[in-house]
Amino acid sequence: MDGQGTDLLYLRREEAPRLSAPISVAGPLAWLRAHIFSGWISGTLALLFLALIVWMTPELVRFFLLDAVWSAPDGAACRVQGTGACWAFIERKLDFFRYGSYPEAEHWRVDLCLLTGAVLAARLLWPAGNKGALGRLAFILGVPLFMFALTPGLGAVLREPARELAVLAFGIGLACVLEFGKARTSLVALGFFAVYPPLAVLLLQGSTLAGLPRVDTNLWGGIFVSLMVATVGIVVSLPAGALLALGRRSRLPAVRFFSIIFIEFVRGVPFITVLFMANTMLPLFVPDYLTPDRLLRPIIGVALFASAYMAEEIRGGLQAIPKSQYEGAMALGLSYWQMMRLIILPQALTLVIPNIVNIFIGLFKDTTLVAVVGVFDFLRTIDAASADPVWAGPNIPKTGYVFAAVFYFVFCFGMARYSLMMERRLSAGRRH
Amino acid sequence: MSDAQAHLQPRVSPLNNPAVRGYIYQGVLILIVGFLGWEAIVNASTNMRVRGIPTDFAFWDRVASFDINQSLIEYTAASTYGRAFWVGLWNTLLVSALGVVLTTFLGFFIGVARLSQNFVVAKLAMIYVEVLRNTPLLLQLLFWYNAVLKPLPNPRDSISLGAGIYLNNRGLVLPEPQFAPGAGFVLAAAVAGVLLALGFRFFARRRQAQTGQILPVGWVSLGLVVGLPALVFVLAGAPLSFNVALLRGFNFSGGVRVLPEFVALLLGLVLYTAAFIAEIVRAGILSVQHGQTEAALALGLTRAQTLKLVTMPQAMRVIIPPLTNQYLNLTKNSSLAVFIGYPDLVQVFAGTVLNQTGAAVQVIAITMAVYLVISLVTALIMNIYNRRKALVER
Amino acid sequence: MKAFAATFLAAVTIGALLAPAQAQTGSKTLELVKQKGFLTCGSNTGLAGFGLPDDKGNWTGVDVDLCRGVAAAIFGDPTKVKFIPLTAKDRFTALQSGEIDMLSRNGTWTQSREAELGLLWAGVNYFDGQGFMIRKKLNLASALELSGASICVQQGTTTELNMADFFRTKGMKYEAVAFADINEAVKAYDSGRCDAYTTDASGLYGSRLKLVNPDEHVVLPEIISKEPLGPAVRQGDDQWFNVVRWTHYAMINAEELGVTKSNVDEQLKSPNPEVRRLLGGEGDFGKGLGLPKDWAYRIVKAVGNYGEVFNRNVGEGSPLKIKRGLNALWSQGGIQYAPPVR
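As you go down the protein sequences, you meet chains A, B and C in turn.
Using my numbering, the letters of the first sequence correspond one by one to residues 1 to 432.
Using my numbering, the letters of the second sequence correspond one by one to residues 1001 to 1394.
Using my numbering, the letters of the third sequence correspond one by one to residues 2001 to 2342.
Mixed in with the good hints, there may be bad ones.
[Claimed, not checked] Computed cross-link-like contacts, BS3-like style, restricted to lysine-lysine with a CA-CA straight-line distance of at most 27 Å:
1. C/Lys2036 - B/Lys1150
2. C/Lys2137 - C/Lys2082
3. C/Lys2137 - A/Lys398
4. C/Lys2261 - C/Lys2080
5. C/Lys2036 - C/Lys2080
6. C/Lys2321 - A/Lys398
7. C/Lys2137 - C/Lys2080
8. C/Lys2301 - C/Lys2321
9. C/Lys2226 - C/Lys2323
10. C/Lys2082 - C/Lys2261
11. C/Lys2261 - C/Lys2287
12. C/Lys2056 - A/Lys398
13. B/Lys1150 - C/Lys2136
14. C/Lys2028 - B/Lys1150
15. C/Lys2173 - C/Lys2261
16. A/Lys398 - B/Lys1308
17. C/Lys2173 - C/Lys2136
18. C/Lys2028 - C/Lys2287
19. C/Lys2082 - C/Lys2287
20. C/Lys2293 - C/Lys2137
21. C/Lys2293 - A/Lys398
22. C/Lys2226 - C/Lys2261
23. C/Lys2028 - C/Lys2056
24. C/Lys2287 - C/Lys2301
Treat the hints as calculated values from the structure; they're not laboratory data.
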């Protein structure tokens, strides 16, 4: 209005046309500059990596896809010069990789066992109650289907549709019961730690009482054994680790002493030597009639190993609980064990759930070492399968290892993501 | 205590007295542990006697009669099992020590890269960490072993890198240094150089604290550590010659050879552990309040200076304890050498020696004890370092 | 408190007394096996042609078939075997401790293993020897030209020691590259890490198939060691020793007499007294072994004669295509020889 009154020509009456930002601060080029060529060193690095990817991709595609052998009755096709990965080998031996020598007619027992374990574990690990609709769906369908795809796979469903689908239905049903029945976490935990293991052993080993043919542990093998060894490690190490952690923080010198000795000893030696010890020395330490089963020995080794690491993680959790919690519990007149069971441990364990998952990932990766004591774990089955002269060829073990690496990666990465999510949630809850 | 007070004290069973209970618990625990331990010893001795397993250490001095392809000390097939043990131990220490140093650099680099502003660098660092953390180390080692061997030619087509250095699938062949009498002076000069450099650094620190003057520590140290020995080297008449390797028959003879197994193991361990260290470093840096960085930038420090002088010293307090664990893990993981044929302690001693002598209990006990000692010593050193770092926070 | 201590002490004493008593049992293996209803047999964790699980996880191989033969002789059912895969490290302890009834895991028969470990070899089901494989283009005619070579080997077996002895006695230098796993040793050789690869000659053929170009590699003629591979049992149980030993001999005798898996039923009616004695038509030769009369018939019916087993697992009928060589019958230029059944 002011400008209108005066007659100044140099005053602008309307807004100047808006120019787009200079390309040096906005747009794709600027983004590239800010995020890729921001500095001399990082720019070179980025370019180098990009070049590497461009250089390697065609070769990888050729080896794993274009020149790969997808289906063949034996290794002859894979032995031809210039062929790539031998997926036919994986396809043909897949059952062996998954179950080892477990009799084919009894595979459903393994599937049932793994599915139940997966659903129970998922229920325990999943933050209780507050799932959205999507979360519920993922829990009820996703977990059973994922586990199901991992073990029996499509082949088994085609071969034995009724039995395998019944197994799947059971898994989904169990998930539904746990989800909609609002099962208490403590009850599920009791189920997973106390009821599930003996039932699983009974189911896997079979017994004449239950009308199941006996399948001895020397026939167990493959992915199933790898998963089992790691799971037993966790199932044993949680209570054992909690006890050891409490022992390490105990007022009683003898208890503290033994706990520290055990924890530091096991953590101070390589896993491989613990396995050797469990395999060769353990049978010497017990009278003949108590000689542990061949599969049980490495499992004992794994359990000891995991307990020591778990103890340290739980100790970390215990230290994070404010002193007021202890004092409050004591003021209420709770006994030591009541205090631990009802007040301290539930909080401490929730705090360290991500670390527990990380220990499980570590254990699962470390189970590759049980092969050195002759257990047919996943990696050992791959080695045995590629020793088969019918499937001898330079690319065949390679394909097996790639398959194993991908399997381990998918499994561990999934678990790691989960642990990260939990970590965020927990820290969000604790932020004031 | 007066009578009246004694009267007020309620009568409780001594079983409810926490102190008494404590003693009972401990007594029971000691008994159980003692029982198990004793039982184990009794069983082991009878079982071993019945099965004809040796229970003594007589094997230690017997002739090993197998060969080891890398030994830092004198060893032949005519040496004893005890000698083989030391060969294995030195090999383990060599790969662990080198691995710890290299993985620290790589881990810190990737940890910082993970937080880089540069999109590609940050994402690549993330992919690196995720892939390496989530696959078994054993598979990685097998992969690296093949990856190291694959592109290298056989000895007859060796890649010559000049100066008597050759690269082939038997390893990296280097000229072997041979020292003439005067070499001792050079060594002494090197030691003196390092000591002087440390002393100068200490002096410069004090000077800076007192006067604010910054002395060129880096250049002076370089001069002392490199220049001083070099000067003595020239003065002593270059007391060093090289025994260059020659291709004879199948392979090079003479010279020093770095085995591909060693390289693959070192590579695998360093890359794997670096992924974990990167995560630790990242968490450590993130634990430093953002205000610190902003304040440092506001003071006019560059990003690199901020990282070096402000962020890292604070982050180190969070980083060191888990870093120690990673060092220990690397050392322990070096036992996977057995899968790719590097003659470390487990491969030589808990492998071949155990098989040939059958002395399982002794061999495994010794192996475990060695790792335990290594772990404890490493932990001790790192704890001392940690305490020094923690002191900064007055 | 005192009660606790007393109980523990008592338990310790009982435990200590029980342990040695328990370890002594096991001299009646045959009876125990019959009681259990199955045979427990220590097998390799995976060696082509000798002991290896197939696609379905069923064990196959020369050593495996011997166990199946023993099971067939005892139970008339070759499937009544529980195979326990054992590593080189704990194969002998497993046998000593009674965990397995017999060890059929390409174990070399040596003096110290019998004298010091308390084991007995019941026979030799494969005469082997350690050999070398090299690249053809090296143009070597003999292992004596291997001076200075790098050699890939599996660690922890007699192989490693034989090689050290060989080079030491010949005064030659070499580099041993030892791997825990045989597959890794082969792979390293194939990638050029080593000039030669050494293992038992039988294993060399299996390994060759895994190489990128099997035709570019040859096996050197020298055999640097004697490796008699066979089943082992514990000392102090002669009956069981005989059962295992004669199972092996029955298979060899069957081959010598022309009795095969397919014609064994017709051969029952054979007029040849040797065949009749073997198959139980004349006399009862199983009795002394603690086995039924038709024990040898059961073995041949289940797994075939020695020649068939050899052919199926490692010979012309298998991908390994190993020649009979020393393992041919004595009458055909080999040294497989069985005492007669009479």
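Discussion item. Hint compliance check: list the failing hint numbers for this structure, sorted ascending.
Written reply: 1, 2, 7, 14, 15, 16, 20, 21, 22, 23
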